[in-house]
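Let's have the full structure, built from the sequences with the hints guiding it.
Chains as they are written, first to last, in my numbering: chain A, 80 to 322; chain B, 394 to 642; chain C, 46 to 285.
In the DSS-like style, the derived pairs of lysine-lysine whose C-alpha atoms are separated by at most 25 Å in a straight line are:
#	chain 1	residue 1	chain 2	residue 2
1	B	Lys421	B	Lys575
2	B	Lys575	B	Lys514
3	B	Lys506	B	Lys561
4	B	Lys440	C	Lys205
5	A	Lys81	C	Lys179
6	B	Lys506	C	Lys205
7	A	Lys157	A	Lys237
8	B	Lys575	B	Lys561
9	B	Lys399	B	Lys458
One-sided excerpt, in silico: chain B residues whose CB lies under 10 Å from chain C:
#	residue
10	Asp473
11	Leu490
12	Arg536
Keep in mind the hints are simulated off the structure, nothing from the lab. Beta carbons are placed, not taken as given, at the ideal position from N, Cα and C, and that holds for glycine.
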Amino acid sequence: MKMLLSLAVWAALWEIAGRLKLSTIVPPFSAVIEAMFEIAPTEKFGKAAIITLRSFGLGMLLALVIGIPLGIAMARVKGIGRLLGMWVNIFVSAPISALVPILMAVVGIGETTVVVTVFLFAVFVITLDTQVGITHADRSLVEMARSFGANRRQLYAKVLLLSALPEILAGVRLGAIRGVKGVVIGQLLVAIIGVGELFEVYSNNFLMEEFWALVLMVFLFAFVISEAIAYLERRVEYYAASR
Amino acid sequence: MIVEVKNISKTYDNGIEALRDVNLSFPKGQLSTLLGPSGCGKTTLLKIIAGLIPRNAGEVLVNGKPVDGPGAERAFVFQDFALLPWADVLRNVGFGLELRGTPRPEREEVARKYIAEVGLKGFEHRYPAQLSGGMRQRVGLARALTVNADIILMDEPFSSVDEQTRRKFQEDLLDLLRHHQKTVIFVTHSIEEAAYLSDQIALLSPRPGRVAKIVRPNVDHSRSPDEIRRDRGYLDTVDEIWGMLRQYV
Amino acid sequence: MRRWQLASFALFFGLWELAGRWPVSPAFPPFSSTFLALIEMVRDGSLGKAYLITAQPLLLGVALCAVAGIAFGIGMGLSRTIEWLSLPVFIILQAAPMAAIIPLLTYMYGIGLTSKVLAVIMLAAPVIVMNSYKGIRNTPPSLLQMCRSFQGTRVQEVLKIVLPHAAALIFTGLRLGLAMGFIGIVIAELLITPTGIGDLISYHGSVADYPKMFASIASIVAVAAISLHLLQRLERRLFP
Chain A
80 MKMLLSLAVW AALWEIAGRL KLSTIVPPFS AVIEAMFEIA PTEKFGKAAI
130 ITLRSFGLGM LLALVIGIPL GIAMARVKGI GRLLGMWVNI FVSAPISALV
180 PILMAVVGIG ETTVVVTVFL FAVFVITLDT QVGITHADRS LVEMARSFGA
230 NRRQLYAKVL LLSALPEILA GVRLGAIRGV KGVVIGQLLV AIIGVGELFE
280 VYSNNFLMEE FWALVLMVFL FAFVISEAIA YLERRVEYYA ASR
Chain B
394 MIVEVKNISK TYDNGIEALR DVNLSFPKGQ LSTLLGPSGC GKTTLLKIIA
444 GLIPRNAGEV LVNGKPVDGP GAERAFVFQD FALLPWADVL RNVGFGLELR
494 GTPRPEREEV ARKYIAEVGL KGFEHRYPAQ LSGGMRQRVG LARALTVNAD
544 IILMDEPFSS VDEQTRRKFQ EDLLDLLRHH QKTVIFVTHS IEEAAYLSDQ
594 IALLSPRPGR VAKIVRPNVD HSRSPDEIRR DRGYLDTVDE IWGMLRQYV
Chain C
46 MRRWQLASFA LFFGLWELAG RWPVSPAFPP FSSTFLALIE MVRDGSLGKA
96 YLITAQPLLL GVALCAVAGI AFGIGMGLSR TIEWLSLPVF IILQAAPMAA
146 IIPLLTYMYG IGLTSKVLAV IMLAAPVIVM NSYKGIRNTP PSLLQMCRSF
196 QGTRVQEVLK IVLPHAAALI FTGLRLGLAM GFIGIVIAEL LITPTGIGDL
246 ISYHGSVADY PKMFASIASI VAVAAISLHL LQRLERRLFP
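Structure representation (structure tokens):
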């Protein structure tokens, strides 16, 4: 819990900086917390949160449903891996936000664009990590299963996926973090829905307490999601070392 | 007696008692071995003698004087070689002297001498990644020799090396050490290795580590290596030790 | 390898061409029109000018980040106190959607170079710092013990063992930092005020010249991909 103590120190510094009015855009930490409790129950925030969560969830679902099977295919079928590998690698580190304007032109200005943005932000790292996990699945485990007569379905279900699970979960966690970034950037660029809209409203009207409160809430959301998946990762970690 | 160990005890932070009241003496110019099954604390004891890990009780005396940390008179050879991957053989071998501030031309000269002695002449500018396990360990040994320590501590130096290389290595090691008249304290879990190399063997029993017995192999080292491995004295020593250790497996 | 790469390119551009000709949306240009638009923008210099503008905050930001970030990461690795104070912050920053703060930069520093450089720094710093930090922390204990066994001082330990070992991860951090820098500058140019590549994208979008808009987007993705690939090859040569 040393980490909490460290964060507490920062919160205290924030409070002091705010009270001393060191900068016009930094209100005291306590004021930000107060604002957080004020806006959370409001209808406006509720609607924005629902839209945001919906886009995030849908985009992530698509990314998982397409990314994981694609990663498996890339690992098990040499041809697919070689054809798509270069592109996955390019898009994993590429500035995907550059694609959002064209998305807006093609798909329109609205939730669909944000969902696609989340999908694009998350899918490549999920695919890549799944591919790596399956490729590195212990070859001797596969041979062992085959030698005892495992059919393809059993091989996947009982050996491959479990063996690759640590890497897949790591990819999903990174994908989720990117997904949060995607939903924020998507909404900021589209600028008329969800928390993106709220960010615009607060900063345009110089409502700094509300702005930072929203920032904190979004950051907290990203952190919670990341830690939830990290928890799952830790649960399967016990066998990662002995593979 | 060049090295003495008196009443050494060591308990790890997690509560495991590694060594209890160990007393040993190591004669000068001889090769002594710490032998025992895993968990008997032999590597722990070696590192305590080297000054690399602290002890909870007792003292280590070198030439009659107590020591507390590493010293110039003791050099360590590591089980996993501990070579700098970004440095070539020449720099790795001279690393001990580099840390002492020896100027470069001088330490390279000394390093080259020992690189040749361990049989790696010509490999001065190779990198560890380009060397086999056996060659890497030779680099580790050469490094220990360059600092001119009287006492060389070797922690299972041949365990990461294949069997054939290991045998050759053992033979070469004896030649080398006799030539330089070093005192060696050696850790191994191989009975044959201990019987072949040692002037004295300290058998350690596990959990907690204690000295069970001291064996002096009756081996005539003037004979050829192959003859030694069939010699009565050698075979009897191996049997005697196994008889003692089997109860701990 | 070569054959597969060519097949891969052909597949991608082929699918793109087909998708573009599909009458789903006029805004999605086929590969051929995009390519032609790209050639035209190179010829009339608009692409070159845009990159000259975009490159400034990108390179400036990454350079500043590199110097300060590596130094800070090393500090975190060597000092438990600095680590305790900074690690939680950087862990949060790595996961956080920093883009949310970018509009705020406009208030503080206007719409000029400063905001954009700061946007790049904000996105690139966490990964550079964390990689430098991890490089320092992951020094193999065996090497440290070896150094101690030869009576090396702590200073010698840091200079001769910890830092050389960390160099590989530090370089990786720089490469990832550059990737984040590209992301940062694109977001900044789209959100703060259009300049450089962001301007090309927005402008052509606003006049519905979709081939040119898409060509600009494709060019920045390509530039990012190529520079990162070159860095990775350099990394493999320096740290085998």
